[in-house]
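Protein chains in written order, with the working numbering: chain G, 233 to 649; chain P, 64 to 544.
For the record, the hints were derived by calculation from the structure and aren't laboratory data. Please note that the accuracy of each hint is not assured.
As the list claims (entries may be wrong) - With a Cα cut of at most 25 Å, we get these calculated DMTMM-like pairs of lysine to aspartate or glutamate:
| id | chain 1 | residue 1 | chain 2 | residue 2 |
| --- | --- | --- | --- | --- |
| 1 | G | K382 | G | E400 |
| 2 | G | K579 | P | E501 |
| 3 | G | K634 | P | E485 |
| 4 | G | K402 | G | E449 |
| 5 | G | K337 | G | D428 |
| 6 | G | K575 | P | E485 |
| 7 | G | K560 | P | E195 |
| 8 | G | K560 | G | D418 |
| 9 | G | K579 | P | D111 |
| 10 | G | K560 | P | E501 |
| 11 | G | K579 | P | D497 |
| 12 | G | K575 | P | E501 |
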Amino acid sequence: MTEANNKKGFWQSFELSALVAITGIIVLFSSAVIVTLIAPNFVDPTWTQPTTPYQVQMHEISDPNFYISSSPIQPEEIQAVYHLKNGFTLLAFQESYTTRILASKELEKYVTRYQSSTPLKLTSKVLLLRPPADKSKADALQKELNEEWKKSNPKETSPNFVILELFEPKENEAFAVAPTDGVLEDWVDENFVILDKNNQHSYHNDPGVIFINNPLEYKVQYITYFGKKGWLYDPAGEPIASLEQLKGGDMGFRSRQELIQIGETIYAHEGCWYCHTDQTRTLVQDVVLNGSDSFPAPPSSPNEYIYNRITFPGTHRIGPDLSRVGIKRPSRDWHRSHFWSPKTASKGSIMPAFQHFFDEDPRGSSVRTTGIPNYKFEAIYQYLMTKGTRITPPTQAWWLGKDPINTINLIEGARSK
Amino acid sequence: MTVSTTTSAQPTYNDTAVKWMVYPAIIFMILGMFFGVFIAFNGLVFPDYFSGEYVHFGKVRPVHVGHVTLLWLLSANVGLFYYFIPRLCGVPLWSTRLAITSSILWWATLIPMVYSFPLGTNSGWEYAEIPEFLGYIPTKALFAFSWILTVINLTMTIATRKFEKMYVSLWYTMGTMLWTTFTILVGVWGIWLVPGGISRVNVNFFYVHNLVGLIFTPMGLAQAYYFLPKFANTPIYSHKLSMIGFWTIAFTYAWIGSHHILHGPISQWLQTTAIVFSIWLFIPVWSVVYNLFSTLRQKWYLYNESVPIRFIIMGVIFYLITCVQGPLQALRNVSEITSKNDWIIGHSHISLFATFTFFAIAGIYWVIPAITKKPLWSQRLASWHFNLSLLGSIPFIAPLWIGGFLRGMLWATWADGSTYAEYHANLAALPFIDTVAEMHYWWMTRAYGGLIILFANSIFVINMYNTILLPARHAPQEVTA
């Protein structure tokens, strides 16, 4: 054993082989980092680019402007409110057999009339529908429609015709309710026209656009309920003055984007990802299990995850895969009873109950067996509903052209030999 | 160069730093195992028996993992570094005061972070769950800083060493210090620099694999290479072979992260790269196993005489098993069956428990009598500890493999049919939940195996603390440090 000379300096005390070793380790390690961590972002475009304009618009246009809350007085009824912005939000005023629109001469051009052959008219001007101010006009139309119905269907009672009036609010923004399932948005990719060419946002030039159909002005009434201040949706109430009021403490609306982000955080905090994977693998078992009875599901592609802050592909499937849960289990009611008591909702389940996603019913007499969903439930529900629903627009079959492993041939071809 | 020659002309070593790391780590091992047994029962055997926001499976699992990986294994490994690095260098630790400072910072940040998980601080990345902030305190950064202080301390000790030649354990230590620092930087902060989505997943799996492969593996092997020759009082079989093992680890490990997401949403060429490098792993593994077995080649009777040698040798055998599994699991067709079920959980437990915990335990059996200068309180308890640990390992790990494999087979083969519709109908006829029910008895066996291991290691803790706290029962033997 020879001992090193202690008078040597710091650097001399490292022998050459040690320096070579350290350099070697760094070179080997960095080359792996460059090839496996940095290069793929530049080599494989699916890692960073979205699948369709629908995916982009859901994230950038719809999510930040779609607000959800529930009245403390009627907590069972979820309130979904659109924030409309001039020059940004695309609106359609579309008549159907039972929905008719009254419009003044200036606004007539924005209405897509029932049975007209014109393409769907969209506008980025803020316009709204409301119950007609002038009752006589509406009554006359109602009468006319009823008579028309009686002529063609003499034996049946006539349907409830809804007659609305189109008007232009003074402000540049507005708050509206529209028919929605809260998960998918109205989408049009052919046979449409956007009016107001001088009032355009860049997304209006996409090959398809998200729009809001027949928005009604959102109005609320403030009431005191057992000494507690509250509010209720009421078409005859007061309009919402500003976004601050909508998001403020009394009403507590959160945008779908905020909810999805909170949901992602809850998914991390609650450790959902220890038991559920979020990837449909390129295996027959996965694509068939997540698919429908006629077509396999597309396997997960990197671009489905580009808007996530955290992604949970998962390593263990104690519970089923969740990458297509928005398609397979879209029902809010199903998730509600399942989170409340998984063992009851799904027999044989070993999933823990998540009753902290619910509040006690303030009225103390819920007709339901579960609590009242709180924002945590809305958040995790909205987060789960992004899974599988945004790959293709709702007008397209989502599985078409997305079966790289050729599942059907694999199953049917293998047997026919 | 052999370890046995380093015993000449001993300087006096101050082992306060070792105590600061190893003593608490032993307690956290048993706590970590307790949390593991708790979730094995409460999560899977009697699902959700203790129910609620703070005790359900998803909240307690990271507490278990945080204990066994960080509070126990990493801490114990650092404590053992503080013991054997000065002795391999022939100089006292560069700064005991710095070591105590970094240990205080280590425990003060790590304990609150691990115990905060039930309150909702899990950051959502596997093995990187510990939160960035607790309140306004940047706990993760402080913890990383504490690691940097440890690295500085050990590097300076090596730099000022008296013995010119470096034993293989020092190589592994230096490798660990470099790799760990890089791995933590990449996995914890670098992950936010790449675009959201699969890029971050890729970085995370890189980090996950390197945490095991470039931190616990070299740390554990450094211990095995140091303590086995010590216990057996015999030189290592081949220094050259150990170098081959070291450099192949350095060459392969960093490339194989994406084998965790085979068949998943990640580029095929990246999966193939990971598979190729995973196969290379056979080289370091066989070289390590051959080397350690051969070290004992003339002295197999020691296996019967010494409990720590039994721990190391059994650890090596389990290491061999886990590392045969590893590269094979990375093959696409094997992965189709073994991935995403309890097989993987079995794989991670055999490496972290039956291999690296066994190595660390053997090290502690050497270190504690050496630093307290008292003989082990009870050899019989030590013997029981080994026997029960080994006995518990079988029902602990085997059901995870068998049950996981059967479940994987069920998933892959449960459906059949000549048309797609028929195939899908068959698949839907056997609901997923039935494959959960299949696991019940395997999970139960695993939980009982875990109980045995918990009991075995309770004996270990009692034995160790009696050694530390009680006066020596026997006349002190000559303790070689």
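Hint check results:
1. With a CA separation close to 34 Å, the supplied pair K382 (chain G) and E400 (chain G) exceeds the 25 Å bound.
2. A C-alpha spacing of about 14 Å is found between K579 (chain G) and E501 (chain P), which places the hinted pair at or below 25 Å, so the restraint holds.
3. Between the alpha carbons of K634 (chain G) and E485 (chain P) the distance comes to roughly 21 Å, so the proposed pair stays at or under 25 Å and holds.
4. Proposed proximity of K402 (chain G) and E449 (chain G) is supported: the alpha carbons are some 13 Å apart, at most 25 Å.
5. Note on K337 (chain G) and D428 (chain G): the hinted pairing holds, with a Cα-Cα distance of about 16 Å set against a maximum of 25 Å.
6. Of the pairs offered as hints, the one joining K575 (chain G) and E485 (chain P) is violated, with about 29 Å between alpha carbons and a cut-off of 25 Å exceeded.
7. Restraint check: the Cα-Cα separation between K560 (chain G) and E195 (chain P) comes to about 35 Å, which exceeds 25 Å; the hinted pair is violated.
8. A distance of roughly 20 Å separates the Cα atoms of K560 (chain G) and D418 (chain G); the hinted pair therefore holds under the 25 Å criterion.
9. Our distance criterion of 25 Å between C-alpha atoms is met by K579 (chain G) and D111 (chain P), whose separation comes to about 14 Å.
10. Of the pairs offered as hints, the one joining K560 (chain G) and E501 (chain P) holds, with about 24 Å between alpha carbons and a cut-off of 25 Å not exceeded.
11. At roughly 10 Å between alpha-carbon atoms, K579 (chain G) and D497 (chain P) fall within 25 Å of each other, so this suggested pair holds.
12. As the CA atoms of K575 (chain G) and E501 (chain P) are separated by approximately 17 Å, the hinted pair is consistent with the 25 Å bound.
Going through the hint list in order, the structure does not satisfy hints 1, 6, 7.
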